[in-house]
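Engineer: The residues making up each chain are set out below.
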Amino acid sequence: MAGLVAIALRCYPARWRHRHGDEAAELAALLIGDGTPAWSIACSYLAGAARAWLTPRSGRRFSAAAVALAITVCSVSVSAGLVASAAPARAASDRPSQAHGPARCRPGDGTPGVSPAIGRPRAFLWEAGHDRSC
Amino acid sequence: MSSRDGQDILRRVGEASVLILISLADGSKHGYALIQDIKEIAGVELGPGTLYGALDRLERLGLIESLPADDRRHPYRITAPGAAALRVHLDSLERVSAAGRLRLRLGGI
Numbered sequence: 001m002a003g004l005v006a007i008a009l010r011c012y013p014a015r016w017r018h019r020h021g022d023e024a025a026e027l028a029a030l031l032i033g034d035g036t037p038a039w040s041i042a043c044s045y046l047a048g049a050a051r052a053w054l055t056p057r058s059g060r061r062f063s064a065a066a067v068a069l070a071i072t073v074c075s076v077s078v079s080a081g082l083v084a085s086a087a088p089a090r091a092a093s094d095r096p097s098q099a100h101g102p103a104r105c106r107p108g109d110g111t112p113g114v115s116p117a118i119g120r121p122r123a124f125l126w127e128a129g130h131d132r133s134c
Numbered sequence: 001m002s003s004r005d006g007q008d009i010l011r012r013v014g015e016a017s018v019l020i021l022i023s024l025a026d027g028s029k030h031g032y033a034l035i036q037d038i039k040e041i042a043g044v045e046l047g048p049g050t051l052y053g054a055l056d057r058l059e060r061l062g063l064i065e066s067l068p069a070d071d072r073r074h075p076y077r078i079t080a081p082g083a084a085a086l087r088v089h090l091d092s093l094e095r096v097s098a099a100g101r102l103r104l105r106l107g108g109i
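Line order of the protein sequences matches chains A and B. Under my numbering, the first residue of the first sequence is numbered 1, with each subsequent residue one higher. Under my numbering, the first residue of the second sequence is numbered 1, with each subsequent residue one higher.
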């Protein structure tokens, strides 16, 4: 279980480990000796490591800004990707109802008891042809 | 950093930092002693990650300082600005506490 604590301590930035690493390991050993669960100590150190990475230091303002920018770009990219992947499938499911009329899309078409739009991935519907994707 | 003009700079540092300053007010201590002392005086069990985060923050603010390592342990000591800031914060807490007790009395609760 002490291995968990060692792994958590390795998550800290090097400057922190250099400063507090030995002491933190010794403190963990003392707390484990007192009966504190190792996983609880490891969790506390993991949370501390996250804070240590995210806390801006003097001279590291750019890094903090870069991390914030990277998180923003990732969020926007994932959202854009989800929207882009949903759009063709939506177009596919809209088109046949205009081309062939609503009769082909009424419930009960296809396998009884199974909705084709739910039972198959949207990407597959797009490739398989528009007339089957109700 | 100091508590100039009676400004309570500890208002936003978090409970752990205030408890550490209170614990260090009667003398220097290292991490394990701080955890034990805070558990005794406040009934709060600080996690070691929380402890080191708060120690780093307080040291950056100049409210505590690290003493030369004793074996592998670094004792920490409260600084003069740290003691002043703690005094201001405790005064503020006392005023709020007194106001709260008065209102409870007036409200008859």
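Keep in mind that a hint or two might mislead.
Said to hold, decoys possible - Covered stretches of chain B, as calculated for chain A (at least 3 residues, CB under 8 Å):
#1 16-26
#2 41-49
#3 85-92
What the hints assert, rightly or not - A few chain A residues facing chain B, derived, Cβ under 8 Å:
#4 Ile7
#5 Arg17
#6 His18
#7 Asp22
#8 Ile32
#9 Gly33
#10 Gly35
#11 Leu54
Stated by the list, open to error - Here are a few chain A residues that face chain B, going by a calculated C-beta distance under 7 Å:
#12 Leu4
#13 Arg10
#14 His20
#15 Glu23
#16 Glu26
#17 Leu30
#18 Ile41
#19 Ser44
#20 Tyr45
#21 Ala47
#22 Gly48
Calculated directly from the structure, the hints in this document are not laboratory data. For every residue, glycine included, the Cβ atom is placed at its ideal position computed from N, Cα and C.
Engineer: Which numbered hints does this structure break?
Structural biologist: 1, 3, 4, 5, 6, 8, 9, 10, 11, 12, 13
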